[in-house]
Amino acid sequence: MKHKDDQRIYPTRRLRQTIWQIFCMGVMLILFASCSTMKEDDGSAANDPYEEINRKVFAVNLKIDDVLLEPTAKGYRRLPESLQVAVSNHLEWTGMPSIALNSTFQGKMENAALSVFTFAINGLTLGLFDLTEGEDRPEREDFGQTLASAGVIEGPYLMMPFLGSHTGRSLIGRAVDTVTNPMGQFEAIASGTVRTATAPISAISIRAKYFKLINDAKNNSLDPYAATRSGYYQRRRALLRDNIDDEGEDDDSDFDSFFSE
Amino acid sequence: MRVFKTILPRFIAPFIILTMMIMPIQQVQANRLVDADKLIISFISNLKTDILDKNLDVEERNELFAMLIDTYFDVDGIVRFTAGRYWRTATKEQRQSYRNLFGIILILQANALFDQIMELEFIPIKSTMRGDKIILVNGIIHDISGQFPDIEVKWRVSAVPNKPLKIIDLEIENISMLKTHQDENTTLIRRNKGDFDAILKAFRAKIEDLKAIQ
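Chains A and B, in that order, are what the protein sequence lines are. Note that the numbering used here has the first sequence beginning at 16, numbered continuously upward. Note that the numbering used here has the second sequence beginning at 28, numbered continuously upward.
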């Protein structure tokens, strides 16, 4: 019986990997093709050669948020706080193997060890409780950051259906993280319910966590798309600060020149 | 003995002079950091005592918000920054309209967030100089109601020599409000082929929206 199951799962996994590979190559092509069209003087808009398409996708994502995500997140926020924290802890815990892998790729062995330690300790509760609270937290490292460390260019800004803001590089990183994360492989052989529930729960948990910030960008911005893109780039560059010397430089030269007059 | 009479003074004297030159600069910088902390604490305190603790109507609250913003924020710098490169192409009248309308939006947005602000308190942690003219005041915004976890914030304070310290930006979870406004505004102007009046039109529409909410 077990043998039959394996036969059923492995071809599907291989097919999925092939699809990812083709998808990644496609994105790479788009990424390199668009480099020449980038402008330097328009802030985050400089890396957005597909702005018109991205805006259409954003409009669809906003509709999904209005109809589905925001009301669900609103309801989710009414659940007991301890339950919300447990879900958030579990989702964070499932990302630890990926952090360990990417930290290793980037030579950040201390961070890798810390994530393995956190994963092992919190694994005693399936990640539902944070038993390492008060200790150092491993820094988030994804494959997009690993690519950045290796000198791969950032690529264009891409607004993806359901997934939201990405750069070409971070999208490839996300795809690779999904395939390589051992927890993802575990979920692939777990029951269908677990497999299909993880992504929506993660989306709802994040939407609930940043409920007011996202609503503020959605309702109070002159241009919610530009605000979302700007926010994404600022957060992403803060994450990449230690991966690349000249990206997201931790200085205030922009402000300095404006406020010295 | 020759060492004490001739050689040591040759090395010590320049060292003392250099130290005397550097120390006041360091002292001034340290004082500016403390002053920046005080500026933020004073702003929050005034915000709470002048606006939040009183039962004011919307108009009165708007007036007080305007006064506080003028006192504590470098409004001219903020306005210039948020228009980005298009500031240089704008006429004098367009700049004046931009300043007035953007100021109204800031006040109305602050008023729209009134209920949230009431529940928040700021705890300063560390201040650092960034370049010559910017101080970053790091701290935590704590939600008294306990609804939200603590959020790491950074206030950016302009510290131009011989000018009073003024707040220019608030950064929440690595997202600068100022940079976000700049990206929004410049995107809007760029999409309208560099027409500065387009942003003024959008500001007016936004003001109507925000007033309707109030």
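Errors might be hidden in some of the hints.
Cβ-to-Cβ under 10 Å is the rule here; a few derived chain A residues that face chain B [to be verified]:
{"#": "1", "residue": "Leu83"}
{"#": "2", "residue": "Thr87"}
{"#": "3", "residue": "Lys89"}
{"#": "4", "residue": "Asp157"}
{"#": "5", "residue": "Leu228"}
{"#": "6", "residue": "Ser236"}
{"#": "7", "residue": "Asp238"}
{"#": "8", "residue": "Ala241"}
{"#": "9", "residue": "Ser245"}
{"#": "10", "residue": "Gly246"}
{"#": "11", "residue": "Asp257"}
{"#": "12", "residue": "Asn258"}
{"#": "13", "residue": "Asp269"}
The set of hints was computed from the structure by calculation and includes no laboratory data. Backbone N, C-alpha and C define an ideal beta-carbon position, used for all residues, glycine too.
These are the hints, each one checked on the structure:
1. Leu83: At 23 Å from the nearest chain B Cβ, leucine 83 of chain A fails the 10 Å test, so the hint is violated.
2. Thr87: 18 Å, violated
3. Lys89: 13 Å, violated
4. Asp157: 16 Å, violated
5. Leu228: 7 Å, holds
6. Ser236: 6 Å, holds
7. Asp238: 5 Å, holds
8. Ala241: 4 Å, holds
9. Ser245: Holds, about 4 Å.
10. Gly246: 5 Å, holds
11. Asp257: At about 13 Å, which exceeds the 10 Å cut-off, the nearest Cβ of chain B leaves the hint on aspartate 257 of chain A violated.
12. Asn258: Violated, because the Cβ-Cβ distance from asparagine 258 of chain A to chain B comes to roughly 15 Å (cut-off 10 Å).
13. Asp269: 8 Å, holds
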